[in-house]
Amino acid sequence: MCLAIPGKVLEIERNAQGLRMGRTNFGGIVKQVCLDYTPEVRVGDYVLVHVGFALSTVDEEEAERTYRLLAEMKQLGEIETPDAELTALATQGSAP
Amino acid sequence: MKYIDEYRSADLAAKLAAEIRRVVTRPWVLMEVCGGQTHTIVKYGIDYLLPREVELVHGPGCPVCVTSLEMIDKAHAIARRPDVIFCSFGDMLRVPGSDSDLLILKSRGADIRVVYSPIDCLKIARANPGKKVVFFAIGFETTAPANAMSVWQAREQGITNFSVLVSHVLVPPAMEAILQSPNNRVQGLIGPGHVCTVMGCEEYEPIAARYHVPIVVTGFEPLDLLHGVLMTVQQLEAGRAEVENQYPRVVKREGNVAAKDLMQRVFEVCDRKWRGVGNIPQSGYRLRPEFHAHDAERIFQVELIATQESSICISGLVLRGAKKPHDCPAFGKECTPEHPLGATMVSAEGACAAYYAYGRHLQARPATREPELARP
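Listed in order, the protein sequences are those of chains A and B.
The numbering of the first sequence is this note's numbering, which starts it at 1 and goes up by one.
The numbering of the second sequence is this note's numbering, which starts it at 97 and goes up by one.
It is worth saying that the hints were derived from the structure and are not from the lab.
Computed from a prediction, not measured in an experiment: that's the story for all the values here.
Built from N, CA and C at the ideal position, the CB exists for glycine as well.
Check before you lean on any hint, since a few could be wrong.
[What the hints assert, rightly or not] Simulated coverage check for chain A against chain B, where a stretch passes if three residues somewhere in it have a Cβ under 8 Å from a Cβ of chain B:
(1) 8-16
(2) 32-39
(3) 43-54
[Stated by the list, open to error] Here are the in silico distance ranges between beta carbons for each label pair:
(4) B:D367 <-> A:E64: 41 to 47 Å
(5) A:Q17 <-> B:D423: 24 to 30 Å
(6) B:A354 <-> A:L10: 46 to 52 Å
(7) B:D179 <-> A:L10: 37 to 43 Å
(8) A:L19 <-> B:N224: 35 to 41 Å
[Stated by the list, open to error] Below, in silico cross-link-like pairs of lysine to any residue (SDA-like), each with a Cα-Cα straight-line distance of 20 Å or less:
(9) B:K356 <-> A:A63
(10) B:K356 <-> A:L3
(11) B:K227 <-> B:D391
(12) B:K228 <-> B:K139
(13) A:K31 <-> B:D216
(14) B:K356 <-> A:L19
(15) B:K227 <-> B:Q397
(16) B:K98 <-> A:E11
(17) B:K348 <-> A:L19
(18) B:K419 <-> B:K356
(19) B:K202 <-> B:N224
(20) B:K219 <-> A:R14
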């Protein structure tokens, strides 16, 4: 229920009711999203959307920092003997 | 998709799991609070990747599951009325009340519509001035900004034939109810990332301090969850109990200030009954008096409905992390997603329904976990 997904804002305009709306692309599906709660959003930004409302701008720097941290952990892990069983489980688990 | 695919890397997941195995030295019980996180964990088998010492129990964070039977019956009574167009998120359609569900009512001629966003109801209300349009406003803090905006806009635009049946629930009081319980097993919490996107992290700090539990605000992709587990285990092993943010690409410490402001203008905190748990003081939202003209409970004055839950269902214990779906004698037998007996089976995000959807009812009941010896 608290599902929220990131989408890229393509265009911003005010609708007839005065709400700030963004045409937003979710991996090819384009939907209108209310941007009233994210006044900082500009065209090209990624927003996190829940039931038609952008709740947050995705912070690119923070995303990179988290990902770098995980990738560094990967390098640390490679020093150890790889656990074949674990890798097999993880591969199974990541099927779409 | 950007910001999704990179957080599903199998390679990195295995490394994170190895790191968790490296740091853990004794058994810990962690609870993920949000139903969306439960779904990810069971779908990707994240719990199978963890060392035996780390047990995940599933929390009460599925708003569809915890909506009380009385409220669902009330919704059905309103939806049956010929002068009403009843709008709901799709998740609520199959949730059984005492004698029916919204889908059955729809097949019998009730005008019931699924909406993607509560704001869509205003369009329906404008197009149907002779009808009363009612929206079933359920959800945690994540959904409250959208529901608040629909009521606010209805008032601003003078749409008088729109009302909401509010059954909002709040995470922090439920967390405290679990941690206070005498049979609580939870030692660390995987915090609900999207609730905190709205509310921020600050309100969790007193809880972490009072009950001495680490709370790690966590995202929803497999790597997020593994990373959240690692951060929680690191805190537990070090004897720390702090609020940390695993999900800073989305969650800010202060949350979404504009959203919180509108929610506070429209809603006020009230007591709320949770299905499977019971009444939790100050754990819900209701409309403020200035919005009573849009309050479906006041407009339709439905009589108090007496309800009865199944006597064998243990969903209350599952919602509090005291039991797992396999501990219930009815799980996967009398109780299935088609014929749910209780809260945790009624929605795909309930722990029992998630276990069922990914075939865990076909597996033998897992043996009681014996902690592995600590690795050197």
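Here is what the structure says about each hint:
{"no.": "1", "hint": "8-16", "result": "violated (count 1)"}
{"no.": "2", "hint": "32-39", "result": "holds (count 5)"}
{"no.": "3", "hint": "43-54", "result": "holds (count 6)"}
{"no.": "4", "hint": "B:D367 <-> A:E64: 41 to 47 Å", "result": "holds, 44 Å"}
{"no.": "5", "hint": "A:Q17 <-> B:D423: 24 to 30 Å", "result": "violated, 50 Å"}
{"no.": "6", "hint": "B:A354 <-> A:L10: 46 to 52 Å", "result": "violated, 22 Å"}
{"no.": "7", "hint": "B:D179 <-> A:L10: 37 to 43 Å", "result": "holds, 40 Å"}
{"no.": "8", "hint": "A:L19 <-> B:N224: 35 to 41 Å", "result": "violated, 21 Å"}
{"no.": "9", "hint": "B:K356 <-> A:A63", "result": "violated, 24 Å"}
{"no.": "10", "hint": "B:K356 <-> A:L3", "result": "holds, 19 Å"}
{"no.": "11", "hint": "B:K227 <-> B:D391", "result": "holds, 15 Å"}
{"no.": "12", "hint": "B:K228 <-> B:K139", "result": "violated, 40 Å"}
{"no.": "13", "hint": "A:K31 <-> B:D216", "result": "holds, 13 Å"}
{"no.": "14", "hint": "B:K356 <-> A:L19", "result": "holds, 17 Å"}
{"no.": "15", "hint": "B:K227 <-> B:Q397", "result": "holds, 17 Å"}
{"no.": "16", "hint": "B:K98 <-> A:E11", "result": "holds, 18 Å"}
{"no.": "17", "hint": "B:K348 <-> A:L19", "result": "violated, 24 Å"}
{"no.": "18", "hint": "B:K419 <-> B:K356", "result": "violated, 34 Å"}
{"no.": "19", "hint": "B:K202 <-> B:N224", "result": "holds, 18 Å"}
{"no.": "20", "hint": "B:K219 <-> A:R14", "result": "holds, 16 Å"}
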